[in-house]
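J.: Below are the chains, spelled out letter by letter.
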Amino acid sequence: MATRRPLSPHLTVYRLMHTMVFSVLHRATGVVLSVALVLLAGWLLALAAGPLAYARAATLFGSPPGLLLLLGLCGAFCYHLCNGIRHLVFDTGRCLEKDAARRSGSVMLFAALALTAVSALMMLRLRGWL
Amino acid sequence: MSLRTPLGRVLGLGTSSGVHHWWAQRLTALALAPLGAWFVVSLLTLPDLGYAAVRGWLAAPRNAVPMLLLVPVVAYHSWLGVAVVLEDYVHGRVTKTVALLVVQFLHLLVATAALLAVLKLALGSGA
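Going down the list, the protein sequences come from chains X and R.
Counted from 1, the first sequence has number 56 at position 56 by this note's numbering; the numbering is strictly sequential.
In this note's numbering, each residue carries its 1-based index in the second sequence increased by 130.
Bound-form chain R, shown alone (with noise of 0.2 Å):
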């Protein structure tokens, strides 16, 4: 019989962050619908999708900005989503642990490469 009291025993297991994950899904989400529905119809609406329309279009700053927000929130929305994912379906402590490691990195890798693009395409002199 130990002397903690309950909350005692409690305070700092689990996902303290719960709430800030909740609710960075929804901000993203809020912010994505916008951003995600922007960036398809752009690309579908260009005249075509040629290196060199494509790239113009992504020069523009009024579409390098909307680019520049899509890429990281995308990357958060998706990193939180599928960190979910894992923690539901991935058992045992050490698996789910690299599990969600190896998927915070990758989107780590993923929004840096997309971002260096878009910077480079966007501050770059002419094609």
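In isolation and in its complexed conformation, chain X is listed as follows (with noise of 0.2 Å):
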């Protein structure tokens, strides 16, 4: 390549502001779920596969560290859910300017927080430990 265009800005130009916290927070549980994806097909393979390889599945799912990987993404979705959201609405031209940004932001992670916290108790009732 004989032209050297500037590419993406280099971050630590920047002084770190919650809404870019938010954004890159976005990216990450985006990520993190596309690796979920891998889990999502495995279960349901399991499932198509019977009883003795569902268990197996479920064992591993149903363990402390099954149920905490589980915890985290049940968050991550909440997250991607809500800030993705958020994002659609800026993709039809709203809530650009730095106060609604923000303002929305807050909103979004209070409402990410406490769908994550409702989906920790239904999970916990499932488990049979509440």
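Please keep in mind that the hints were generated in silico from the structure rather than gathered at the bench.
Note that the structure is predicted; figures quoted are calculated from it, not measured.
Cβ atoms here follow ideal geometry from the backbone N, Cα and C, with glycine treated the same way.
Check before you lean on any hint, since a few could be wrong.
[Stated by the list, open to error] Calculated from the model, a selection of chain R residues having no Cβ within reach of chain X, i.e. all distances over 12 Å:
| no. | residue |
| --- | --- |
| 1 | Q155 |
| 2 | V184 |
| 3 | R192 |
| 4 | V228 |
[Claimed, not checked] Okay, the calculated bits of chain X under chain R, using three or more residues with CB under 8 Å as the criterion:
| no. | segment |
| --- | --- |
| 5 | 17-31 |
| 6 | 93-106 |
| 7 | 120-128 |
Each of the two chains sits in its own frame; use the hints to bring them together as a complex.
T.: Here it is, written out as structure tokens:
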């Protein structure tokens, strides 16, 4: 390549701001959920393979580390869902001013945390711990 | 000094499919908001997550149909998203192309396997 055009700006030139963290987290949770897609496929394949294979998968997901992983994935999903809706609103040209973007970010984070807490309670109920 | 016009030089370069990529990412997002929420809420509100309960749940057409929609749409959305991340952070023409191809093939593989599993459960006769 003969021309050296500027690419993405170097991240370190910016002061860290919470709207920026929200955006970075959206990508991070997206990548995490992409990896989780493999787990979803594995779980479905185990279900299709029969009770024995499913029991093995259920033991794995139902163990304390498995539950912790599922809770983390649930949190990532809630965050990506809430912030995704926020981004769809951005795409219509709304809420792009500094204050509006910050306010919607706080609302989004609260909603994501609340949804994660509710799913955690529901997971505990399913596990029989509640 | 080339006689080619500036437009002639840039046509066919870069991602001419950029608008389509952007639009597909938003459309799949719009579809996934209800589908994804439905999936998580459905599983969390089942009486238990044992084999019989989950199998019975997935065998019912009202759950199999959204699942058959969810799997390809979430795989497409995921592929589009990961492709953007790779395009941003993986440099070097060969590495980037290989990474994009691997991610595309992996998504096709995972989506096909998951679809086959759902179809088998939805079409299979009783446990």
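J.: Each hint needs a verdict: does it hold in this structure or not?
T.: Hint check results:
1. In this structure R:Q155 is not separated from chain X by more than 12 Å, as the shortest Cβ-Cβ distance comes to only about 10 Å.
2. Not every C-beta of chain X lies more than 12 Å from that of R:V184, the closest at about 6 Å, which undercuts listing it as non-interface.
3. A cut-off of 12 Å between C-beta atoms confirms that R:R192 is not in contact with chain X; the least separation is 17 Å.
4. For R:V228, the non-interface assignment is confirmed: its Cβ lies about 18 Å from the closest Cβ of chain X, beyond the 12 Å cut-off.
5. Counting residues of the segment 17-31 of chain X whose C-beta sits closer than 8 Å to any C-beta of chain R gives 3, which meets the bar of three, so the coverage hint holds.
6. With 0 residues carrying a beta carbon less than 8 Å from a beta carbon of chain R, the segment 93-106 of chain X misses the three-residue requirement, and the given coverage is violated.
7. Given as covered by chain R, the segment 120-128 of chain X passes the check, having 3 residues with a CB less than 8 Å from a CB of that chain where 3 are the minimum.
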